[in-house]
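**Q** Sequence:
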Amino acid sequence: MKSPLPGFRQSLLAMDKILDKAAAHEAAMKMAPDVLPRSRLIADMLPLWRQITIACDFAKGVAARLTGREVPSWPDAEMTLGDMKARIAQTVAYMDTVPDADFAAADDRPITFRAGGQDMTLPGAEYLARYAIPNFYFHLSIAHAILRSNGLQIGKRDFLGAA
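With the first letter of the sequence shown counted as 1, position 52 gets the number 73 in my numbering; the numbers rise by one all the way through.
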């Protein structure tokens with residue numbers, strides 16, 4: 022398998038730039054620093070800060086699981102936009118420690134993970150395509166939508182980042 026990390030990195034760095042725009046918006050609107058991080062699309066959905074941490078967790082999980090490493094465990098305590106940017110930076114830095122060559126045997130490597138309160142095992146290629154990538158982009162998309170719903174002027178080009 023070719024390393025999937027460049028796509029994860031591009032998307033996380035695009036979100037990092039979006040968070041810069043969110044910080045400028047927050048300052049311009051004189052918002053308290055916890056307003057945007059705690060914002061949700063609807064009451065029963067997770068807030069912005071959690072959408073970002075989960076997306077980062079999927080990215081680091083892919084880097085670790087597909088290369089036979091232990092997934093690093095980090096506390097989920099991102100309560101400001103700056104904290105979320107730091108989480109993205111930490112995730113990208115971790116992904117940068119994983120050599121592309123380590124993905125060579127990932128297609129068929131059994132990947133066991135917890136989902137919906139139960140353990141699941143899929144071959145690496147299926148884990149990536151059917152579980153990790155869709156979840157990663159779901160959480161980034163929700164984060165984007167939360168920020169849009171709070172008046173941030175961002176669009177598809179911001180979400181996609183530089184190709």
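It is possible that part of the hints are untrue.
[To be verified] Per label pair, the in silico range of CB-to-CB distance: (1) Gly137 / Glu91: 38 to 44 Å; (2) Pro120 / Arg151: 43 to 49 Å; (3) Gly176 / Ala98: 39 to 45 Å; (4) Ala98 / Arg135: 18 to 24 Å; (5) Arg151 / Gly89: 32 to 38 Å; (6) Leu62 / Pro120: 34 to 40 Å.
[What the hints assert, rightly or not] Calculated lysine to aspartate or glutamate pairs in the EDC-like style (CA-CA distance at most 20 Å, straight line): (7) Lys106 / Asp41; (8) Lys42 / Asp129; (9) Lys23 / Asp179.
In case anyone wonders, no lab produced these hints; they're calculated from the structure.
Computed from a predicted model, the values in this text were never measured in an experiment.
Ideal Cβ positions, reconstructed from N, Cα and C, are used throughout, including at glycine.
**Q** Now tell me if each hint is right for this structure.
**A** So, going through the hints one by one against the coordinates:
1. Gly137 / Glu91: 38 to 44 Å: violated, 22 Å
2. Pro120 / Arg151: 43 to 49 Å: Once the Cβ atoms are compared, 25 Å apart, the range 43 to 49 Å for arginine 151 and proline 120 is violated.
3. Gly176 / Ala98: 39 to 45 Å: violated, 30 Å
4. Ala98 / Arg135: 18 to 24 Å: holds, 21 Å
5. Arg151 / Gly89: 32 to 38 Å: Given range 32 to 38 Å: violated, Cβ gap about 20 Å.
6. Leu62 / Pro120: 34 to 40 Å: Distance hint for leucine 62, proline 120 holds at roughly 38 Å.
7. Lys106 / Asp41: holds, 8 Å
8. Lys42 / Asp129: violated, 41 Å
9. Lys23 / Asp179: Violated, at about 26 Å.
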